Structures are given as C-alpha cells and as structure tokens.
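S.K.: Each chain is listed here by its residues.
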Amino acid sequence: MVGYKFCEKFVAKVGRDAFKLIVFGEEARVAYDRVHLSEYFENGDAERLSMVPRQWYLENNIELYTNERVTDIHRNSKTITTLSEKTFKYDYLVLATGSSPFVPQINGVDKDGVFVYRTIEDLEGTLAYAEKIKQTVNKPKAAILGGGLLGLEAAKAVMDMGMEPHVVEFAPKLMPRQLDTRSSKVLQVKLESMGIHIHLSKATNQILGNGHIIGMEFGEDDVLNVDMLVISAGIRPRDELGKSCGLKMGTRGGIVVDNKMKTSDPSIFAIGEIALYNQMIYGLVAPGYEMAGVAVDQILGSEKSLMAAEIDMSTKLKLIGVDVASFGIPFMPAEKGHSIIFENKTESLYKRINVSHDGKKLLGGILVGEAKDYNMLLQMYLNEMPLPKNPENLILGSRAGEDMSFGSAMDLPDTAVVCSCEAVTKGQICCSVKDDGNESMKAIAKATKATTGCGGCKPMVDDLIKETLKSLGKVVKESICEHFEYSRQELYDIVKLRKIEDYDSLLDEVGKGHGCEVCKPAVASIFASIYNETANRQATIQDTNDRYLANIQRNGTYSVVPRVAAGEITPKQLLAMGRIAQKYDLYTKITGGQRIDMFGAQLHELPLIWEELIAEGFETGQAYGKSLRTVKSCVGSTWCRYGMDESVTFAIDIENRYKGIRSPHKIKGGVSGCIRECAEARNKDFGFIAVEGGWNVYICGNGGANPQHAKLLIETVDKAAATKYVDRFLMYYIKTAPPLTRTAAWLDKLEGGIDYVKDVVINDCLGIAAELDKEMQHLVDTYKCEWKEAVENPEIREKYTHFVNADEADDTIEFVSLRDQKMPKVWA
Amino acid sequence: MISNLSTYEAVELEKVSIWFKAAAASKFPDNGGACVKYKDMQIAVFNFTREGTWYACQNLCPHKMEMVLSRGMIGEDKGEPKVACPLHKNSFSLKTGKHLNGELNRIATYPVKIEGGFVYIGFSE
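Chains as they are written, first to last, in the working numbering: chain S, -4 to 823; chain U, 0 to 124.
Chain S extracted, bound-state conformation (with noise of 0.2 Å):
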C-alpha cells in the first residue's frame, strides 16, 4: 500500500519524466487494500482490494515486476538481483517491503491448521481448512492468538467461516495498546454477547495435537480445545535485505532511516512498516503514506520536505460493527491531568478524555460503542483549541439551557489537518472551495484527495464546503445532480405547480444536459407521487428494476415477489404459485417480509410468468420499486391467545391501502396484535401496535444496514385515527425527503425530529393536513396493478425480449444446482 502510495505521488509531480520507475512486488497480485482485508471474506472479492487495476502501471509508464522477490542489494554497484536471477541497476532504491506477521517460538506451532492473518493467500488457506474441518466437526472452534486490531477482525473472519472463534490474548485485556482496563472490558462485554469469546492473560505453552492441531495448553490444566488457529501476535518488519547489505539496523528489526526517510546509504530510501523512525515502527496507514511523500519529494529535489517530529498514532475504526478510537494520549497518569469518564455497560458505551490541570486543554481520550464526535475531539486535540466550560459536555452532549459543545467545524485553524491519510488541511479544503470553484464532495476529493483514504473525515469535509459556500453569501443547494440545481422538494413542487408531465419537458424547463442515472429514477418517483403514474409510461427513466418490473439478479434475471398481503396466503394460492414457479423453474424462498421470492427468470418469460400469476388472482408486489414493499403481521387476536386485536386484518387492509405508492425509498410497515411485538413493527418505516384501548402508532424505524428503532407517533388511538396520521406521515415524508432517503435517515436530518413530524401530523402546524389527505386519498383511489397494465399491452410487453432481433434467449446465463433447486454460477 505505502509502495504504491510512493509511485500515486511520484507520477503525479514535475519532474518525474526524468526518471524510470520500476517496481517490484513478491506477491503474484499488484499492491491491495491490506487494512479492509476482512472484507475478503464477506464478497470473497480479490479485485476488490487492489489498490489500482494492473493497467494503471502501464498507463503511467512504470514498469511492474510482480511474483518477483528482490533477493540481494549491491550497494557498490548499485545493483539489485531478484529471485530469478535479474540484474537492475538502481539511482536510488525505495524498500517498502512492509512487515510479516510475527509467530511466536511456541511448540507445534508448525502444526496443520495455525495460519497467520496477513495477505490474500493466507485468508484462502483459513478458508479451505475451515471447510475442510467444517465437513467432519460439528461446531468447529478456531481460536485467534492476539487480541489486538487485527485479531479481533480476525476474530470476525472466523466466525463470518462458521466457527465459534475464541480471542486468546497474553495481556490481561484487549487491545492493550489502545484501551484503558474499563474501555476494554466493555468492548470485551459487547463482543462476548456477539459469540466471540475471550480468554485473557493466557501465556501459550504449547499447541497440541498430531500433525494436525486439536487445542492450545496455556497452564498445566489449563487447556483449549480448537480446530483451527489463526495467530495475529503482532508484526516484524521484513528488513531481510537491509541487514544482508549492511544498512544500519535497530535492535530489534527495522531499517533506521531519518526525516528525510533516508537510511545510511543516501541512495536507498525505507518507508512504511520497516522504516525505524524515532526508534519506533508505525504500524498505520497515514504515516506510511506520509513518509511515501516525504521520500518521493527528496528524491525529486525539494528537500525540504522533512517528516514529522511527532507522528499522531489517533485510529478510528469499525470493529465487528463496533466503533472503537482512542487519540492523543489514551491512558494519561493522573500528574499530567484528570480523566473525565462515561461509562454505561447496558449500551456498550465508554467514552474517556483527558484533560489539563487547568482544564483548557484537550491531551486524548477513548471512545468505544459510538464515536461520531472523534473527528471534532481530534482536531480539538491536534489544533490545542480551547475547551469549552464544561469539559464533559464534549462526551455527554450539552444538557438543557446550554450550548452545543462543539463549535462548528470553520473554527478550526487553517492549519489542521482534516483528512491524515491524504494530509489535506482545512484551510486547502477551504480554498479549494473558496479559489477553484470545487463546491462538491465529488470535486473537492478530485482536487485534494481528502476523503479518498478512509473515508472517516467525509462528514467533516461536508461541513466544510457547506460552510465556506455559506461565508461567500452562497445558498447551499442540496442539488440531486448536476442537470438540476434542485432538490427533489423542490422539483417535487416545480413538477406539481408547473403540471409538468415528463421527464424531458422538465429538463428542458428547469434542468440541463441530458439527465443521468440519479435524477432520472429520482423524477420518475416524483411523477408517481403526484400522478400515481405507473412506471410503465416512462420506461427508460426507471431504474432498471422499474423498467422490467421485476428485481434484477446476480446473472442479470430477475426475481418475481407476487404480493401476499400481511403475509396471509391460502393453499389454493400456495399451489398457484407452486406449479408456476416449478414451470419456469425458478428458485423458491421465503422473504424477510413475508412473501415468496420466485428468482431466475429470463427477461421473455416475465410477462408469461405473470399471466399465470394474474390468471390465479395474484397482483404485482412491487418488489423491484422504492415503494410500500409490505406490512408484516403477526397472527393477531384471530388465534393468539395474547391477541389484543386482529392485528392481520389491520395489516392487510394497510397493505393495500398503501401497495403500489412510489416513494424516495422503500417503505416497509408492521402491525403486532399485542405488545410482544412479534411483526417486529419498530423497526419499520411505520408500525401499529395493539394495546388495551387501541393501536399505539410508531414511525421511522429502520432495521437494515443502519437499524433504527421506531419513534412513537401516537398513543391508544382508534384504526381510523392510527390510519390517518401515518397517511399524513407518509405524504409528508414523500414529499420533502431527499431521493433515496430512508424515513429514519430523513427524521435524523429533519430539524425538530420527531416533535416537529407530531406537530405536522397531528398538530397541523403548517396547515396542510387537509392537503396531505387528499393526496394520500389520491395515490389509493387511482392504484393499479402495472402488471396487468403491461402483459395486457402490447406494446409494453413487446419489451420483454434480450435481442431485439432474434427471438431467442441469451445463452451466456448458467445456473448450477444447489439443494434440489438451482442458483447463478458464480462471479468469476
């Protein structure tokens, strides 16, 4: 990463033409993404990873030697061999050779089944044995050595592989390096209840077992049983070749280089994991790609590009879904300041800082559970800004009467560094904005790569472009694209006051250019919003789901989710659907919302498939579209015996009340008969719960990537009522959310949050309850099923072929079988 970092900004500088780059690589792939290396194992996506597609090398003419060890320095010659026998002469030698996992001297660590975590290679390995062990061992356990970051990913690696993973750690906590005891045991108490578990202050002896591992001893009673070992222990700086040519070393590994990333040979350059820098290896990635610049502008000629005195080892990170950062000083003895600490067990949260004496200055702290404020208590930490008068405001949030903790984001000096891995500061965000005219995310990323490494600073670069807009007296426009200066409320009411009919007429209007694949599906919904058009009529601005009415798959077929309204089905229709699917030989399973998903059919056996199916009494379920997808229920009153209500009639009634309704995003509804909640309603974009009286009605709840739970809207009151207010609710959201904007998420943005949403809907604060109403009265009285509309017209069915000059089939989809039924081959 840091070698390939090294030629990014090589290529990028003047100068550069006058020297040949070459660059050699051990492994068989070009650089990739090391520190997202666990997402191999979700996607299993190799590719993914790079850093720069192959081509890009040839593209700026450097040449790349992959599989291709450099096995001698000759520093008198300046020469380099590699393991093939190849001479290369050299000016100057950059070694990014990076670190090798360390294993520790334990017996039998030699044993089939102990892997360590680092490259693609070693993931693959983990993966084979763990199917192989997975075929003869009923709940295999593997256990992680190293309780550090890349353990615990490791950790999650294992268990996303089936087995029950167990975190072995010599310190008596986790990450010992970044968390105090307290952070590191509520970090210890969340992943326990995920099903990590934990053996700390455990000192290996030994592995066990006979050619193959059956366990670990760590005492003399004291033992294990695993199927497998992963050992994270840290790493050692692969500086092989530095001690071989002699290059001043430190004692205990590392090539000592200075701020300029030179070695003691001026002609060879270290940078990343084996460059010794004040006596210290830095394990990070900005760091490394610091020093990649700072190498890169010496050997260019501007020497004044010095690394840093002090190099800040802040790290935020995602672990297993829990946030974890520590920053400045993490652990601080009590003469150096005082520690302000929250600690709350039952929500997995511990949030530290570490204050001066005097209490003006901010030295560090721990977040774990959440850590959406890191950013600004980095910077407040980096930049020495003055803390405000109550310190613990800062992890508390202020309390009522007071003010917001934290100042907006344009306080900060110039000088603070906003994006570490890109070394963007604030002040070149700003001007950027300011002098160049990059007034997006998308620009200002282009222009100053901020935001490009981790990502983790995007919030603050948001704030910062949209204040600096601000201070040059410029509206802020939240424009869906760069053909309309709009956002969808505004094109919402432009569409609605103007009667303006189709999308082309709108851009001509108000827009420009040709349109794109965000504004179009973006308009396309308002026009079903106000017209309750169905996505029939403009076929070519729906996404491609809305186009075929039928939700695309991995091969390019398509699914077909009939709709079963509150999940309620006959055996008459279960048979229906049964023959049809068998048919067409499409693969069967039960969706989360309580349907049948029918997958794997050809773009000219849709309208076939649905014939049958509207011969059979069934109706488009509208699967494919940012529409009500369906409202769950649980049995109810009718058979439970806790019932308070009939909670399926209610569901059903809802569900085709609201089906077909386009919306900025998909909605989903749930209706519990009692408050057990078994239709899981809270965590939907609306929920009605019975209770002794009536329904108690919830709102933007979200289950999903980011789950939200559900707001109450109203308490006890009657169907109607409960009806009412979510048709208020609903119109509302469909009419100022911005495109593909969940309800939680635009509840988060709405100002007031959920107070506001009761004065609008209850309250009838801006007066357009009435109007509200009639629209939502509008959207049910006018619904129709587009599937009907489109097998009963010909000229829409006529789209439902591959070729449009042959009648066949595309003959490049293959399935292969799995479990009596059938699924796409797999991606390549």
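FYI, nobody ran anything at the bench for these hints, they're computed from the structure.
Small disclaimer: the values here were computed from a predicted structure and weren't measured.
Warning: the hint list may mix true and false statements.
[To be verified] Ranges between beta-carbon positions, derived for each pair: (1) U:GLU50 x S:LYS491: 27 to 33 Å; (2) U:SER16 x S:LYS437: 25 to 31 Å; (3) S:LEU603 x U:GLU50: 55 to 61 Å; (4) U:GLU13 x S:PRO702: 27 to 33 Å; (5) U:LYS97 x S:LYS313: 31 to 37 Å; (6) S:GLU563 x U:LYS20: 49 to 55 Å; (7) U:LYS20 x S:ASP430: 51 to 57 Å; (8) U:LYS97 x S:VAL98: 44 to 50 Å.
[What the hints assert, rightly or not] Okay, the calculated bits of chain U under chain S, using three or more residues with CB under 8 Å as the criterion: (9) 26 to 32; (10) 64 to 72.
[Stated by the list, open to error] Derived coverage of chain U by chain S (criterion: at least 3 residues anywhere in the stretch with Cβ under 8 Å from a Cβ of chain S; other residues may be distant): (11) 4 to 18; (12) 78 to 88.
Backbone N, C-alpha and C fix where the C-beta goes; we use that ideal spot for every residue, glycine too.
Based on these hints, arrange chain U on the given structure of chain S.
M.R.: For chain U alone, kept in the frame of chain S given last:
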C-alpha cells in the same frame, strides 16, 4: 455464445467493412437501449433521442461479466454521453468506452448508422 471480454474490440468508423442491418429503428425506445445479436456477440444499441445520436457498445459489463448494459439508463456526465450498468451503476462513455466512475477497462464501442428506418452497426469483420 461467448461472454469473454476479448471478443469485443472497438471498431472505428474508418475501419468498418461490414454494416450489419440490426433491426428497425422504431424497435429501440427513445433515450434507451436494446440488445442486438451479431454472430456470437451481444451489442447494446442506444437511441439517444435527446442528442439525436445513436451509440453501440458491448452488452457485457466488464465488472462482473454480465450481459446487461443494454438495459442500463443512459445520460450524460459533463457533456460525455454515457450508460450506467444496471447492476452496480458503473458508467461508461458511449463515445470512447472509458469507465467514468472507476478504473475498469474500457468497453468496446461500435459505429451506428440509420438508413431507411433501419439501424446498422459497423464491424470490421
């Protein structure tokens, strides 16, 4: 049929030796595309009505090797006409085939002409 990237090589107008008569122009939706079969190849053809131009490119998206580009939305990025793949929204220039929002390989583009109400695609073999 072959879903192999090497099957598709861009053809420049001056190199065209065969004009393949694909289908009636009326079969292609306004500001949208459809897929044409030519020999063992799948070619996506777009009727960019707003520009008054036609474009053709490989139907194969180089990201995940699926035959889907003809079903993508077309549009324009700072004046550059483009198609967005329906699977992961990778956008490719319809003029040059360049990947506009990433570093994937170029896609192959082909010349198109309309004569007598029919769409013709230019190939060099």
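S.K.: It remains to establish, for every hint, whether it holds in the given structure.
M.R.: Structure-based check of each hint:
1. U:GLU50 x S:LYS491: 27 to 33 Å: For LYS491 of chain S against GLU50 of chain U, whose Cβ atoms are near 29 Å apart, the range 27 to 33 Å holds.
2. U:SER16 x S:LYS437: 25 to 31 Å: violated, 42 Å
3. S:LEU603 x U:GLU50: 55 to 61 Å: violated, 35 Å
4. U:GLU13 x S:PRO702: 27 to 33 Å: violated, 58 Å
5. U:LYS97 x S:LYS313: 31 to 37 Å: holds, 34 Å
6. S:GLU563 x U:LYS20: 49 to 55 Å: Distance hint for GLU563 of chain S, LYS20 of chain U holds at roughly 53 Å.
7. U:LYS20 x S:ASP430: 51 to 57 Å: Given a distance of about 55 Å, which is inside 51 to 57 Å, the answer is holds.
8. U:LYS97 x S:VAL98: 44 to 50 Å: holds, 46 Å
9. 26 to 32: With 6 residues closer than 8 Å to chain S, the stretch 26 to 32 of chain U meets the three-residue bar; holds.
10. 64 to 72: Check passed, 7 qualifying residues.
11. 4 to 18: Coverage by chain S is violated for the stretch 4 to 18 of chain U (0 residues, Cβ < 8 Å).
12. 78 to 88: Satisfied; 7 residues make the cut.
Taken one by one, the earlier hints fail for this structure at numbers 2, 3, 4 and 11, listed in ascending order.
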